[in-house]
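Participant: Okay, here's what each chain looks like letter by letter:
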Amino acid sequence: MTQAIRDHKKLILTLLSGALLLILAVVYIFPFFHMFSTSLKTFAEANMMPPRLLPEEPQFQNYAEAWDSMNVLHYLKNSVIITGCTIIGQMFVCVPAAYAFAKKQFRLKKVLMPALLFDLLVPAQIVFLPIYVIVSNAGLLNTYRSLVLPFLYSAFTIFFLTQSFRTIPDELLDAGRMDHASEWQIITRILIPSARSVIITVALFTFVGKWNDYFWAKVLTTDETVRTLPMAVSGLLSVGDGMIHWNVVMAGNVFLFAPMLIIYLLANRSIKQAFIYGGIK
Amino acid sequence: MSGMDQTVNHSMTPAAGFRRPRSLRPLFMKYLNPVVACPYVLLAPAMILCLIFSLLPVAYVIRSSFYQIDFVMGTESWVGLQNFRSIFSDADFLQAVGNTLIFTFFTVGIGISLALALAVFLNKNRAVYNLVQSIVYTPHIISYTSIAVLFMFLMDPQTGIFNLVLDFFGLPQLKWMLSEETSLLSIIIVFVWKMLGYNIMIILAALQSVPREVYEAAKMDRAGQVKTFFHVTIPMISPTLVFLITNNVTSSFCSFDIIDLMTKGGPKNSSNMMVYWIYENAFSYYRVGPAMAGAVVLLMLVGSISVLVFTISNRKAHY
Numbered sequence: 001m002t003q004a005i006r007d008h009k010k011l012i013l014t015l016l017s018g019a020l021l022l023i024l025a026v027v028y029i030f031p032f033f034h035m036f037s038t039s040l041k042t043f044a045e046a047n048m049m050p051p052r053l054l055p056e057e058p059q060f061q062n063y064a065e066a067w068d069s070m071n072v073l074h075y076l077k078n079s080v081i082i083t084g085c086t087i088i089g090q091m092f093v094c095v096p097a098a099y100a101f102a103k104k105q106f107r108l109k110k111v112l113m114p115a116l117l118f119d120l121l122v123p124a125q126i127v128f129l130p131i132y133v134i135v136s137n138a139g140l141l142n143t144y145r146s147l148v149l150p151f152l153y154s155a156f157t158i159f160f161l162t163q164s165f166r167t168i169p170d171e172l173l174d175a176g177r178m179d180h181a182s183e184w185q186i187i188t189r190i191l192i193p194s195a196r197s198v199i200i201t202v203a204l205f206t207f208v209g210k211w212n213d214y215f216w217a218k219v220l221t222t223d224e225t226v227r228t229l230p231m232a233v234s235g236l237l238s239v240g241d242g243m244i245h246w247n248v249v250m251a252g253n254v255f256l257f258a259p260m261l262i263i264y265l266l267a268n269r270s271i272k273q274a275f276i277y278g279g280i281k
Numbered sequence: 001m002s003g004m005d006q007t008v009n010h011s012m013t014p015a016a017g018f019r020r021p022r023s024l025r026p027l028f029m030k031y032l033n034p035v036v037a038c039p040y041v042l043l044a045p046a047m048i049l050c051l052i053f054s055l056l057p058v059a060y061v062i063r064s065s066f067y068q069i070d071f072v073m074g075t076e077s078w079v080g081l082q083n084f085r086s087i088f089s090d091a092d093f094l095q096a097v098g099n100t101l102i103f104t105f106f107t108v109g110i111g112i113s114l115a116l117a118l119a120v121f122l123n124k125n126r127a128v129y130n131l132v133q134s135i136v137y138t139p140h141i142i143s144y145t146s147i148a149v150l151f152m153f154l155m156d157p158q159t160g161i162f163n164l165v166l167d168f169f170g171l172p173q174l175k176w177m178l179s180e181e182t183s184l185l186s187i188i189i190v191f192v193w194k195m196l197g198y199n200i201m202i203i204l205a206a207l208q209s210v211p212r213e214v215y216e217a218a219k220m221d222r223a224g225q226v227k228t229f230f231h232v233t234i235p236m237i238s239p240t241l242v243f244l245i246t247n248n249v250t251s252s253f254c255s256f257d258i259i260d261l262m263t264k265g266g267p268k269n270s271s272n273m274m275v276y277w278i279y280e281n282a283f284s285y286y287r288v289g290p291a292m293a294g295a296v297v298l299l300m301l302v303g304s305i306s307v308l309v310f311t312i313s314n315r316k317a318h319y
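Line order of the protein sequences matches chains A and B.
Residue numbering for the first sequence follows the working numbering, starting at 1 and increasing by one per position.
Residue numbering for the second sequence follows the working numbering, starting at 1 and increasing by one per position.
One should not assume that every hint holds.
To be verified - Here are the in silico distance ranges between beta carbons for each label pair:
id, chain 1, residue 1, chain 2, residue 2, range
1, A, Trp67, B, Ser238, 48 to 56 Å
2, A, Leu16, B, Lys268, 41 to 49 Å
3, A, Ile192, B, Leu171, 52 to 60 Å
4, A, Trp67, B, Arg85, 33 to 41 Å
5, A, Gln105, B, Ser238, 29 to 37 Å
6, B, Ser113, A, Thr143, 25 to 33 Å
7, A, Leu117, B, Leu94, 28 to 36 Å
8, B, Gln208, A, Gln105, 33 to 41 Å
9, A, Pro114, B, Ile102, 27 to 35 Å
To be clear, the hints were calculated from the coordinates, so they are not data collected in a lab.
Since we're looking at a predicted model, the values are computed, not measured.
Using N, Cα and C, we set each Cβ at its ideal position, and we do this for glycine too.
With the hints as constraints, model all of the structure from the sequences given.
Facilitator: Structure, rendered in structure tokens:
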């Protein structure tokens with residue numbers, strides 16, 4: 001009797017957790033599915049109520065239309081250049097700094113470390129105006145440099161790299177010094193190879209932030225020359241005849257969203273690891 | 001990168017040339033010694049950028065909040081606390097502060113408790129559970145632009161899925177971000193939806209790092225599941241929860257993208273928040289002084305909440 005009740009209880013629990021898993025999956029997959037399906041519909045079909053789950057006849061012309069009216073190639077180029085330069089430049093600035101914090105003894109260490117900590121506490125959204133003023137006074141408005149230079153220094157990246165460089169044994173670096181390696185060689189031949197996975201993690205972190213960036217692209221640009229893909233997609237909302245053509249907007253959204261999704265599918269584990277480490281340390 | 005080249009040449013030369021008596025050596029000469037200078041050379045690019053793009057801007061924000069600034073004429077004059085007085089008598093600013101506090105209270109309250117419950121639920125080492133966790137995490141790495149555009153479509157009053165769902169349950173249709181009553185609710189939903197996967201993942205990582213022995217000890221003491229959760233699990237993961245709360249509070253306070261994309265602070269200021277108010281005053285109305293005073297208020301709010309959370313947790317948390 002008690003055994004039967006226990007089995008009964010177990011069955012209900014399994015069903016309940018199954019239902020919860022299903023609800024979660026639907027709440028998170030359906031919006032994307034609906035977006036994709038709408039991007040293949042005609043304008044009339046996209047405005048149907050209740051909506052069809054799948055288009056009657058998939059239309060690929062929305063993608064062509066979004067591609068043209070968004071000028072995807074231009075914005076994609078900007079996104080790639082700005083994201084790429086930021087990631088590479090950040091390595092040149094942050095790796096040596098982290099090396100100094102992790103492996104060197106110097107008098108101002110106790111002053112410079114808190115300066116770094118202070119920077120972590122100040123949200124970027126508070127200091128956008130002075131940065132705009134600096135960039136525009138330097139005559140850099142609407143250049144790639146305006147969207148790269150201010151982001152080469154990252155307190156987060158330096159902290160993260162410092163943590164991992166500390167775990168590299170001093171003997172390894174000393175061995176390099178015995179072979180008369182210069183500091184530059186120690187960084188490129190010993191430090192970077194031994195911290196490879198962490199450096200990839202940090203790079204992914206910067207990539208996600210920079211590729212998705214909307215705020216800085218909006219604040220630090222005044223025309224379309226160096227604006228990035230997120231700004232182009234938001235521009236689609238105001239294209240047309242007063243009515244939003246959701247089928248075209250969703251097609252444009254796929255252009256912005258697909259590269260990130262593909263990278264997430266390929267590097268699922270490392271991306272999650274990046275954000276977990278970013279969170280805990 | 002010129003700083004880097006210097007280190008290449010000198011790093012291995014010992015400090016041989018500097019054997020003069022200490023008292024005679026000028027102070028700065030020490031820094032010509034490559035071994036002493038090396039860390040500073042390595043740090044120079046980062047520190048110069050930090051100074052220009054982080055420390056000076058904060059100083060500029062604080063200074064500007066006491067000035068009346070006209071970018072077009074290029075003039076500025078000291079006005080003392082006038083900017084602060086003017087924003088605290090500005091109904092729009094006060095509403096933006098109120099909206100920010102309401103928004104943050106709900107996004108953090110709902111976001112963290114939902115994430116905690118779901119993390120406990122998903123904390124099973126089985127493929128389906130891991131898969132669902134990966135799916136829920138996806139929106140966190142997708143840009144706010146994509147997500148906002150997507151939800152504007154889903155929340156469309158005429159053709160959106162949200163109203164279809166309400167209709168299905170026999171509830172009245174809403175105008176979502178187009179009405180004063182529900183505009184703030186709409187962006188709260190989007191924010192919680194996007195952040196949930198991240199919060200779950202961080203809590204899961206903390207749950208999995210709790211040593212098994214702790215639970216075994218609780219079992220020996222015949223503690224029930226609920227009791228174990230509140231008296232063992234929560235204290236063990238409290239540092240992570242503190243981090244998450246601070247993190248969520250900061251990002252809620254600094255929300256800009258969803259507001260700019262979905263509501264532009266409207267209708268009638270009903271979803272305006274502090275960062276958006278600062279942005280509009282600085283760039284659209286050219287009221288630089290008041291905007292910077294608003295930024296100082298925001299900085300102090302974010303700072304004091306972080307400090308508050310940390311002090312409370314220091315008293316309560318079991319590290």
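Participant: For the hint 28 to 36 Å, verify it against the beta carbon of Leu117 (chain A) and that of Leu94 (chain B).
Facilitator: Holds: the Cβ-Cβ distance is about 32 Å, inside 28 to 36 Å.
Participant: Is 33 to 41 Å respected by the C-beta to C-beta distance linking Gln208 (chain B) and Gln105 (chain A)?
Facilitator: Holds: the Cβ-Cβ distance is about 37 Å, inside 33 to 41 Å.
Participant: Taking the CB of Gln105 (chain A) and the CB of Ser238 (chain B), does the distance hold inside 29 to 37 Å?
Facilitator: For Ser238 (chain B) against Gln105 (chain A), whose Cβ atoms are near 35 Å apart, the range 29 to 37 Å holds.
Participant: Note whether the CB distance of Trp67 (chain A) and Ser238 (chain B) lies within 48 to 56 Å or breaks it.
Facilitator: This hint holds: roughly 50 Å between Cβ atoms.
Participant: So the hint says 52 to 60 Å: do the beta-carbon atoms of Ile192 (chain A) and Leu171 (chain B) match that?
Facilitator: At 57 Å between Cβs, range holds.
Participant: So does Leu16 (chain A) sit 41 to 49 Å from Lys268 (chain B), Cβ to Cβ?
Facilitator: 43 Å, holds
Participant: How does the Cβ-Cβ distance of Trp67 (chain A) and Arg85 (chain B) compare with 33 to 41 Å: does it lie in that range?
Facilitator: At 52 Å between Cβs, range violated.
Participant: Check the following: the C-beta atoms of Pro114 (chain A) and Ile102 (chain B) are separated by a distance inside 27 to 35 Å.
Facilitator: 34 Å, holds
Participant: Are Ser113 (chain B) and Thr143 (chain A) spaced within 25 to 33 Å by their CB atoms?
Facilitator: Since Ser113 (chain B) and Thr143 (chain A) have Cβ atoms about 46 Å apart, the given range 25 to 33 Å is violated.
In terms of the numbered hints stated before, the structure departs from hints 4, 6, listed from lowest to highest.
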